[in-house]
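**Student:** Protein chains in written order, with our numbering: chain A, 1 to 157; chain B, 1001 to 1357; chain C, 2001 to 2523.
Where hints are given, some of them may not hold.
Said to hold, decoys possible - Which residues of chain B face chain A? A few of them, derived with a C-beta cut under 7 Å, are:
# : residue
1 : VAL1035
2 : ARG1039
3 : LEU1080
4 : MET1082
5 : ASP1254
6 : LEU1319
7 : THR1323
Keep in mind that the hints were calculated from the coordinates and are not lab data. No residue lacks a Cβ here, since even glycine has one placed at the ideal position from N, Cα and C.
This is what each chain is made of:
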Amino acid sequence: MIRVLGNFIEIIRGSVITARHFIVNMWFHIVNLLGIKTQRKGAVTIQYPEEKKELAYRHRSLHRLVKRENGKPRCVACMLCATVCPSDCIYVEAAEDPDPEIQKYPSQFIIDLSRCCFCGFCVEACPEDAIRMDTSLIEVAGDNRDALVYDKDNLLR
Amino acid sequence: MSDILIVLFKIMGTLSWFLTLTLYLTWLERKESAVMQDRVGANRANILGLRIIGLFQPFADAIKMIFKEDFTPRFSKKFLHMMAPFVSFFFVAVTITAVPFGDYVKIAGKTVKLQILDFNVGLLFILAMLSLGIYGVILSGWGSRSRFSLIGGMRGAAQIISYEVALGLSLIGLIMVYPTLKLSSMVHFQGEMILGFIPQWGVFLQPLGFIIFFFAALAETKRVPFDLPEGESEIIGFFAEYSGLKWGLFMMTDFMEIIIISTLITTLFFGGWQVPWLAADGFHFPWGGEWLLPHWIVVLFQVGAFNIKVFFFCWLQVLIRWTYPRYRYDQLMDLGWKLLVPLSLINIVGTGIVMSL
Amino acid sequence: MSKEKTKMIHIQIDGKSLEVREGTSVLEAALQAGIEIPHLCYHPAFPSEGSCRMCLVEIEGRPDLELACSFPVKDGMKVSTQSEEVTKARKNMLEFLLAEHPLDCPICDKAGECKLQDYYEQYGFFESRFEEKKEKKEKKVEIGKTLLLDQERCILCTRCIRFLKEITGTRELGLFNRGVHTGVNIYEGNPVENNYSGNLVDICPVGAITDKDFRFQTRNWFLGSGPSICPLCGRGCNIDIEYHPGFPHFPVPKRVYRIGPRENHRVNGYWICDYGRYHYSYIDEDRQEQIVDNKKEKLDSWERVLDFLKERIKKLYYMNKTSRIAVLTSSWLSNEELFLIRKIFQEDLNVEKIFLTDPLPGEEDNLLLTPERSPNSKGASQMGLNFKELDLNKLAERTEVLLMFGSHITEHFATAQTQEAIGGIETKVLLNPHISDLNSLMDVVLPTCVIAEKEGTLTNVKGLVQPFSPVFEAKGHCRPEWEVLVNLAKKLALNFRYYSPFTSVKPIFKKMQKEIGFFGTKK
């Protein structure tokens, strides 16, 4: 009986907590709706497409291929990114560059973003600092799978 | 002729009130849970960019449900499968006929009661109809011919029947105090005062009865923390095989039950349309003051008071639904049979002793 | 070899007692015992040079560290390969070697199998202290038709120079200049153009000499490797086929990326010729992968094809007209397959018209390449098949069923000539791994496997029977010929008890050993 009574008190306490949340939040909602600015908001959520959160400094966003001064990709197609990629989403094809100091450049560089898990290993593996994930583009979406297969032209920026 | 028109009008009015409230209870549920959880809630549905804090959400829901495929499993019993949601819906919808919204209103010399039908046995009618709603649950479980649905339906039936007992018994004390089963008379009876200033509401006369009734009624509505028949997230309930509008009817039934329970609590325990110290001609304060009002203002006060009380209990039920986790089935049965039923029996005996003193 | 006369002596390397032949070097002794001593310039095929100085070891009683590759063993010698002094010396040697070595690993085809890379990871791991600019040298010198030289990457081990001196005797490469400017190069106007130039890529411990054929194709760590036998001449050189197993989500243009030698001193030593190295395209290019059905008889599966063949052959068999069957074999088939042809057609069906169509002989060189351009000409000649002289008229005369293995007949006769001759034959079936001009002449073309995809044995020109196993799976409908022949024999219901155990190559080989003396005596 005492246990039941204890349960009963806990039940009441529970609803008091939730009711308090409701009333406090509702108060701020109403006050804000009336146009009065308060330090606290009624909700902690962010209204995403309108409000955007600032990305962290180390945030891993869409990949990019870094360019040399002359606009060519810095990438030398060493395929370490493709090797380290845990989701096997990078495909590189190498070709001969006329410049003997460069020798090798990627004739194809494909990232299948529908498979990419944004782990950033490719960035870590790159010996030439040629691939980075600092574009701050996080809204990567497409109507079909092919739209998410980014090639060299999409990635060079 | 005009009587029939009046009845038709009353039916129309009541039903539209009932269904609109049901519709917006879905909105309330979303918004209230959101505010409780420091969120904003559904606010995207709009008409031409007009959002008004998500008030159009129910319409979006309705449109979505209408255009969803009405899927009937190949193996189901088609007729029963189709009937089940309508049975559920019907038995809940008819209960509203016995609920008094206000006292009466005088229009063109006629006195019109603000109640579709003033039964002699209004309370029993409501209880009976609520109990018949179990057929919807059983039929949907049986007609789907899916094991999950059937077991869900059985769980639901067992739960509702168990709590029916506690629900009925908790009201015996009330019936002993109010010398009637007619709901309008009950409300009138609650207009009087205890010791001259406390309104003679059921909750003051039968506090224990109220608590038992409230718990049992929550269980009757099959919502969290008593949502074992449905158990949508894991144990899968009786409408697992439903989709589209039929599923929508089940959901509407749920929300309508919340409203019915709220109206019942209001009518039985919280004075129905009674406003404290408001008589037919105006306020008569216990400390001797008087504030006379015209008839239609009084009617507005009464209907408004009824609505506010109903809204409050709807709010309270949603609050409870979003606060507690689900009971385990044995705990549920323990609560019903080992706590609520004995307590209601004690309540009856205690009421009898007090009354005979 | 004077095996009996060499004295066995006892030495100790890292506390491990070893018994080695007198006259071996410390490095050889250690390698025989499985003790790793880093070395770059030493190669077992040449006399040691001692130019890389990576194999320094500490020998008890010697004041300085000694070169393991050129220091002969002495009785009771105690060698330490892991002492503090040795590791320090190695580290310092690596630092010297890497001082002028460019950081080309990302673009170097050797990366991943580069010994310098491995040793740095194993014994180096120092911070570079070299602050001066590295010496600029030629990055891309074409030293041969398939070879590129990068002088910056070269560590001057002179393995390439010694190879050209010792093995081919052509001496195209030499060391030029002095001091820090020293570099390997060709003598002006004389590129490396012998038939063994590809081996320079294999023996170069770093990426100084790279292969144009493999250049930038892929990275070598993506490649799998499988042992096989080179089918391009009668020598039967042991090779490793390096193939790309494919990326999970991206198609790869081909399977085989390069061929490397597999050490076998009975056949090819450490080397293979360029002909075998660079003509691997037969594995992936122009491959027949689907059954071609020119008769439109819905022969879309092997089951149906075999039923079709069975009917044709059975008919002639019952009418006792098996002389109207002609079989064209080829020495690109393995011993087992030739044996099955002999068994089924010559012995069971009494077919008389069995011909051998071999590729035309090519040039030979004095080292490995033989004039025969097929891997099993010796096996075919020893199989006991009664080959008729290849003559189109004889072949077509009164023939109703023609079974052709391989398309080498196109090398002997023009296609139009062949078409004219065999046009009247009722049923013409070709089993060929490649798409050829004959496809349109045939009724049915069945895709078969190349050596790299099947199992069997081959007999090289010296009579050595060498087994091979599949390196990768066959594509499409391709089936090995032995499987087709066994299934055909089963369909024809010829001596079921004889053919039913032939579910793999092993039992066929055992049967062959029993029945044909040539294979029974050797293995």
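**Student:** Now, for every hint given, state plainly whether the structure supports it.
**Tutor:** Here is how each hint holds up against the structure:
At its closest, the beta carbon of B:VAL1035 sits 5 Å from a beta carbon of chain A; the interface hint therefore holds under the 7 Å criterion. Satisfaction of the interface hint for B:ARG1039 is found here, the shortest Cβ-Cβ separation to chain A being roughly 5 Å, below the 7 Å cut-off. Interface hint status for B:LEU1080: violated, as the beta-carbon distance to the closest one in chain A is roughly 38 Å, over 7 Å. For B:MET1082, the interface hint is violated, since its Cβ never comes within 7 Å of a Cβ in chain A; the closest pair sits about 38 Å apart.
Annotation: interface hint on B:ASP1254 violated; nearest CB of chain A at approximately 20 Å, more than 7 Å. With a least beta-carbon distance of about 6 Å to chain A, the hint placing B:LEU1319 at the interface is held under the 7 Å criterion. The criterion of a C-beta within 7 Å of any C-beta in chain A is met by B:THR1323, whose closest approach is roughly 4 Å, and the hint holds.
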